[in-house]
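Undergrad: Using the sequences and the hints, build the whole thing.
Number of protein chains: 2
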Amino acid sequence: MSDPASKNTRRRIESGDLAVPRTEISLSDGSTFSTYETWGPEGHSPTDGLPSRRAEWTARRVERGDTNFSQMHCARKGEITEEMAFVAAREGCSPELVRDELARGRAIIPANINHPELEPMIIGQKFKVKVNANIGNSAVSSSIDEEVEKLQWAVRWGADTVMDLSTGKNIKETREWILRNSPVPIGTVPIYEALEKVGGVVEDLTIEAYLETLEEQAQQGVSYFTIHAGVLLRAIPLTVKRTCGIVSRGGSIMAKWCLAHHQENFLYTHFDAICEVMKKYDVAFSLGDGLRPGSIADANDDAQFFELEVLGELTKRAWEHDIQVMIEGPGHVPMHKIAENVERQMRVCHEAPFYTLGPLATDIAPGYDHITSAIGAAIIAQHGTAMLCYVTPKEHLGLPDKDDVKQGMIAYKIAAHSADLAKGHPGAQERDNTLSKARFEFRWEDQFNLGLDPDTARAFHDETLPHEGAKVAHFCSMCGPAFCAYRISQEVNELATGPEFTQLGNPHAETQPEAPTAASPDTLSRDQLDEEMKKKAEEFRAGGGEIYVPVRGNTSS
Amino acid sequence: MSDPASKNTRRRIESGDLAVPRTEISLSDGSTFSTYETWGPEGHSPTDGLPSRRAEWTARRVERGDTNFSQMHCARKGEITEEMAFVAAREGCSPELVRDELARGRAIIPANINHPELEPMIIGQKFKVKVNANIGNSAVSSSIDEEVEKLQWAVRWGADTVMDLSTGKNIKETREWILRNSPVPIGTVPIYEALEKVGGVVEDLTIEAYLETLEEQAQQGVSYFTIHAGVLLRAIPLTVKRTCGIVSRGGSIMAKWCLAHHQENFLYTHFDAICEVMKKYDVAFSLGDGLRPGSIADANDDAQFFELEVLGELTKRAWEHDIQVMIEGPGHVPMHKIAENVERQMRVCHEAPFYTLGPLATDIAPGYDHITSAIGAAIIAQHGTAMLCYVTPKEHLGLPDKDDVKQGMIAYKIAAHSADLAKGHPGAQERDNTLSKARFEFRWEDQFNLGLDPDTARAFHDETLPHEGAKVAHFCSMCGPAFCAYRISQEVNELATGPEFTQLGNPHAETQPEAPTAASPDTLSRDQLDEEMKKKAEEFRAGGGEIYVPVRGNTSS
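Chains as they are written, first to last, in the numbering used here: chain A, 1 to 557; chain B, 1001 to 1557.
No wet-lab data here; the hints were simulated from the structure.
These numbers were taken from a predicted model, which means no experiment stands behind them.
Where a beta carbon is used, it is the ideal one built from N, C-alpha and C, also for glycine.
Be a bit skeptical, because a hint or two may be false.
[Said to hold, decoys possible] Straight-line Cα separation of at most 27 Å, DSS-like style, residue types lysine-lysine; simulated pairs: (1) B:1402 with B:1077; (2) B:1337 with A:437; (3) A:406 with B:1406; (4) B:1406 with A:423; (5) A:402 with B:1402; (6) A:169 with B:1471; (7) A:471 with B:1437; (8) A:241 with B:1197; (9) A:471 with B:1241; (10) B:1471 with A:241; (11) B:1423 with B:1126; (12) B:1337 with A:337; (13) A:423 with A:172; (14) A:337 with B:1402; (15) A:423 with B:1169; (16) A:316 with A:126; (17) A:126 with B:1402; (18) A:402 with B:1280; (19) A:337 with B:1126; (20) A:241 with B:1437; (21) A:423 with B:1241; (22) A:406 with B:1402; (23) A:337 with B:1077; (24) B:1241 with A:437; (25) B:1406 with A:402.
[Unchecked claim] DEER-style ranges, computed between Cβ atoms: (26) A:41 with B:1301: 39 to 45 Å; (27) B:1469 with A:66: 51 to 57 Å; (28) B:1455 with A:198: 37 to 43 Å; (29) B:1015 with A:143: 50 to 56 Å; (30) B:1241 with A:55: 51 to 57 Å; (31) B:1263 with A:336: 44 to 50 Å; (32) B:1302 with A:143: 32 to 38 Å; (33) B:1241 with A:336: 55 to 61 Å; (34) A:173 with B:1241: 43 to 49 Å; (35) B:1145 with A:347: 58 to 64 Å; (36) B:1272 with A:466: 45 to 51 Å; (37) B:1340 with A:41: 40 to 46 Å; (38) A:494 with B:1263: 14 to 20 Å.
TA: Below, the structure written as structure tokens:
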């Protein structure tokens, strides 16, 4: 990416017939380190939009007479689509695994046929944990330009999908600009626009207005819809005793509608009609958690779990149409209640991918909810949640700006990657190992460049040690040259690999601490060992007692 | 605290004969909410220092002829000291629990008799999880004034203890200023100053120089010493194969000394002499984890666990002198390896309190290690770790400044409190509940003031809605007035408590969604119920469809 401060150490590479993208990070020894990448092709103008990479793939399916374009449908027919091959290459796994996970509903590739610009990605517990960023205006804030900028900023920082949650002006136009410029799938909550259609009067919502909205948004290219079809009339009283009632916009809207009409939720009663729209375009369900807990006190309550059961029923119904499904989840959940959420969801919703908002592990830190929720998010992803919806520092306080989007994204890439490590996801630990090796060897630029935010890491280092020489220094301002543990440890390594140490024997042996026992015929005797060690100690001191070991990548002492 | 931006809503209150402090947060209805508080008395000048609240308590023990002043010693004699009564009042538990936990070594009250200014606090798994902040200069950075300011800043943000890790100039003077102004126990790593005494030459360290340093620091009033007595000669080769060798300053210093002299670690071989110094002043051991893992790759390796076994042995030896002990821990540990750390430590170290540095759940985010480690810290505390040593955004990059201290403190108060919640610590959830209730009722000022950082929460809110009226508004810029879920939810609550809903029956009953079954003789018939509901719906619409429910604390609609 052309980012001068990063000194052109990150490049986007596309490989193979499908032009599968990755990032290559250049290291100081000339090697490169590859990472998964989301920011998409560069150099186009927003008015032109991105290249339509998928148009041909879809055109072929239209030509052969497909009427159900869903990736699940293709997978269940035994087919490996271009999208499946693409994500397999991105994930470093086999296309067969992708197909099988799609067929059983344990993963989804949200990829509306009318969003040909997107680079396919997969959401499922067997793949890297993904992160969604929310953008979108409200009546009180933001413009189209700002929202497109936020999109590009969010994918720059690693957003795997982006939801456009606009509730203000120009919802449709904003979304068009976003879609045509987005390399990632876009999700929406159609009830917002449907509400706008009926002049903002909740009671005037109808299934007709809603289906019309779905059709329009699907035609534009939205790849998944959050649909609060699980908010049933009879569950609404369960929320009255809560500390925070209903905290979901869509959930509160549907609850109000139900009460105003004394009728069941029309999203539930007309679910099949909704399915008919979605399957034409391969739009996936994100079955909304309208009754999610919005405070620690409400976590895991009966309202929340009642809705989960309904979502399980709706999952099966969607799968009868081969429509892809993921399940939305909480919210605010203290750490000891997190595992139960995943266990229930997996069982009740037939292992459909789980997509949670955090959860926040405590309520007490407004202004820092990217951190309170990164804790819960890491844990819930470790247990199997496939995608995390980010939370920014502005949560509960106002609409996020660009910096909030970045802070939220970094916190959530941390949570997602921590979960990948904890799950033993193949290859996940390579980045940690490569960065830590660079750190220990004082290859500062490599350490920065391998991190999630190289410019910030570099700037933090430079606050106290800005001069170029510091980038090969064997210390930083935390400890200074005399006390740097890594520097001292390098010396220790050199000394501790001499013969007198390889023959120290089993460190766990129950012998007195000072002298080793002779373990085998070819070891030195105790006296000989003492002699060797004394000699080594003298060498060490004679050499100045500061044996400087040049390591790979350093050119000066 | 006199903090104009907080509008004087937080006051420090001292209660009872022992003047036990707490914070009271004033809420909009005139009530107050109490929280644990660390920032100490106000209004003194740094040159005067804090009042010597404990001087009398200690004087009485000197008069009666005590030679071992350790709180553990007193507890084992069945005594409840003023310190024990003080912490019991702070923690909201019985003094007997405190005494029993101290006697069995599962908790410590670090309280050097020569630090009479400190307000006693307890570290143990049965009490609130505590947080330590590190301050201190290095050869490259910082001055005495800055370090005292950092101390005051750290306790302002909730630090329960502070470690002075200075390695630069004026170590002793800096420490004196810190101690005389600190309401919290101070910890140090004496090997740093001992090294300064021998001109910075590691090989010239001697037990004599070290004991001299211990005596001086203990006389000044340091309440706990980090001592790397577990770094044994024969374990050092185990670190050579690591990605990051030895990352502990003290650990690397002792390892180098061992290799230079081909001798066992003098801190281990002279452990009893060290104990004799510490028991005179009631200084506690913080048995150092010199071989802790400094990267994900090194987590839970044989070097780390070898040292843990030695620390277990040393714990027993210290307890023979009734010297209080806590055990330091990692480091860098992926989430799935965290539980094992606590399980081993509890078993091997006889349940002595665990005091971990994070751990970081991933290495890939330099610049954000307060977040990578808040994740691991929350989890390890949930499992029983008693105190967490904070990590700032500057970790691995340079010495932290004031803002870094604040960011690290907030991240760690979040981690500690999340763990308290997950452990079901009595009373912990009150703050979350009270804040969430304020949030749901749009009592914005109450929400801000109950949070960890009221000024930041307020400022974030005001970025988009600065005018005073917004502080009683039933929305914010996230969603705007029409889409605010809490606002809509308030209306839903009002409607859903009418009789037609309390008679909807069991929401889990397997009936068709639209109509309830008559459950008992005194319920309305189905027709009557429909009639009631239609009437209610008409009332709702006739009333404008926007039933505004005034809630406590709001004065305008």
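Undergrad: Each hint needs a verdict: does it hold in this structure or not?
TA: Now for the hints, and whether the structure bears them out:
Taking the CA atoms of residue 1402 (chain B) and residue 1077 (chain B), the gap is near 43 Å; set against the 27 Å cutoff, the hint is violated. Between residue 1337 (chain B) and residue 437 (chain A), the direct Cα distance comes to roughly 21 Å. Compliance with the 27 Å bound is thereby established for this hinted pair. In summary, the hint linking residue 406 (chain A) to residue 1406 (chain B) is supported, as the alpha carbons are separated by about 20 Å, within the 27 Å threshold. About 32 Å separates the Cα atoms of residue 1406 (chain B) and residue 423 (chain A), which puts this hinted pair outside 27 Å; it is violated.
Restraint check for residue 402 (chain A) and residue 1402 (chain B): satisfied, since their Cα atoms lie roughly 25 Å apart, inside the 27 Å limit. Between residue 169 (chain A) and residue 1471 (chain B) the CA atoms are separated by roughly 24 Å; this keeps the pair inside 27 Å, and the hint holds. For the hint linking residue 471 (chain A) to residue 1437 (chain B), the alpha-carbon distance of about 50 Å lies beyond 27 Å, and the restraint is violated. Restraint check for residue 241 (chain A) and residue 1197 (chain B): the C-alpha separation of about 65 Å exceeds 27 Å, so the hint is violated.
Taking the CA atoms of residue 471 (chain A) and residue 1241 (chain B), the gap is near 25 Å; set against the 27 Å cutoff, the hint holds. Restraint check: the Cα-Cα separation between residue 1471 (chain B) and residue 241 (chain A) comes to about 25 Å, which is no more than 27 Å; the hinted pair holds. Taking the CA atoms of residue 1423 (chain B) and residue 1126 (chain B), the gap is near 9 Å; set against the 27 Å cutoff, the hint holds. With a C-alpha separation of about 20 Å, the suggested pair residue 1337 (chain B) and residue 337 (chain A) falls inside the 27 Å cut-off, and the hint holds.
Proposed proximity of residue 423 (chain A) and residue 172 (chain A) is contradicted: the alpha carbons are some 40 Å apart, above 27 Å. For the suggested pair residue 337 (chain A) and residue 1402 (chain B), the alpha carbons sit about 35 Å apart, so the restraint of at most 27 Å is broken. A distance of roughly 46 Å separates the Cα atoms of residue 423 (chain A) and residue 1169 (chain B); the hinted pair therefore is violated under the 27 Å criterion. For the given pair, residue 316 (chain A) sits about 21 Å from residue 126 (chain A) by alpha-carbon distance, which is consistent with the 27 Å threshold.
The hinted pair formed by residue 126 (chain A) and residue 1402 (chain B) fails the criterion: a straight-line CA distance of about 42 Å is larger than 27 Å. A threshold of 27 Å between alpha carbons decides the hint, and for residue 402 (chain A) with residue 1280 (chain B) the separation of about 57 Å lies outside it, so the pair is violated. At most 27 Å may separate the alpha-carbon atoms for a hinted pair to count; residue 337 (chain A) and residue 1126 (chain B) meet this at roughly 20 Å. A hinted pair counts as satisfied when its Cα atoms are at most 27 Å apart, and residue 241 (chain A) with residue 1437 (chain B) qualifies at roughly 12 Å.
Restraint check: the Cα-Cα separation between residue 423 (chain A) and residue 1241 (chain B) comes to about 24 Å, which is no more than 27 Å; the hinted pair holds. A hinted pair counts as satisfied when its Cα atoms are at most 27 Å apart, and residue 406 (chain A) with residue 1402 (chain B) qualifies at roughly 23 Å. A C-alpha spacing of about 41 Å is found between residue 337 (chain A) and residue 1077 (chain B), which places the hinted pair above 27 Å, so the restraint is violated. Taking the CA atoms of residue 1241 (chain B) and residue 437 (chain A), the gap is about 12 Å. The hint holds against a cut of 27 Å.
Only pairs whose Cα atoms come within 27 Å are accepted, and residue 1406 (chain B) paired with residue 402 (chain A) is accepted, the gap being roughly 23 Å. The hinted range of 39 to 45 Å is satisfied by residue 41 (chain A) and residue 1301 (chain B), whose Cβ atoms lie roughly 43 Å apart. The supplied range of 51 to 57 Å is met by residue 1469 (chain B) and residue 66 (chain A), whose beta-carbon atoms lie about 56 Å from each other. Look at residue 1455 (chain B) against residue 198 (chain A): about 41 Å separates their beta carbons, and that is inside 37 to 43 Å.
The given range of 50 to 56 Å is respected by residue 1015 (chain B) and residue 143 (chain A), whose C-beta atoms sit roughly 54 Å from each other. Hint check: residue 1241 (chain B) to residue 55 (chain A), Cβ distance near 52 Å, so the stated range 51 to 57 Å holds. A C-beta distance of roughly 48 Å is found between residue 1263 (chain B) and residue 336 (chain A), which places it inside the suggested range of 44 to 50 Å. At roughly 59 Å, the beta-carbon separation of residue 1302 (chain B) and residue 143 (chain A) lies outside the given 32 to 38 Å, and the hint is violated.
Distance hint check: the CB atoms of residue 1241 (chain B) and residue 336 (chain A) are about 37 Å apart, inconsistent with the given range 55 to 61 Å. Take residue 173 (chain A) and residue 1241 (chain B): their Cβ atoms lie about 59 Å apart, and the range 43 to 49 Å is violated. For residue 1145 (chain B) paired with residue 347 (chain A), a C-beta distance near 60 Å keeps the hint of 58 to 64 Å intact. Against the hinted window of 45 to 51 Å, the Cβ-Cβ separation of residue 1272 (chain B) and residue 466 (chain A) comes to about 48 Å, which satisfies the hint.
The hint said 40 to 46 Å for the Cβ distance between residue 1340 (chain B) and residue 41 (chain A), and at roughly 45 Å that hint holds. Checked against the hint of 14 to 20 Å, the pair residue 494 (chain A) and residue 1263 (chain B) passes, with Cβ atoms roughly 19 Å apart.
Taken one by one, the earlier hints fail for this structure at numbers 1, 4, 7, 8, 13, 14, 15, 17, 18, 23, 32, 33 and 34, listed in ascending order.
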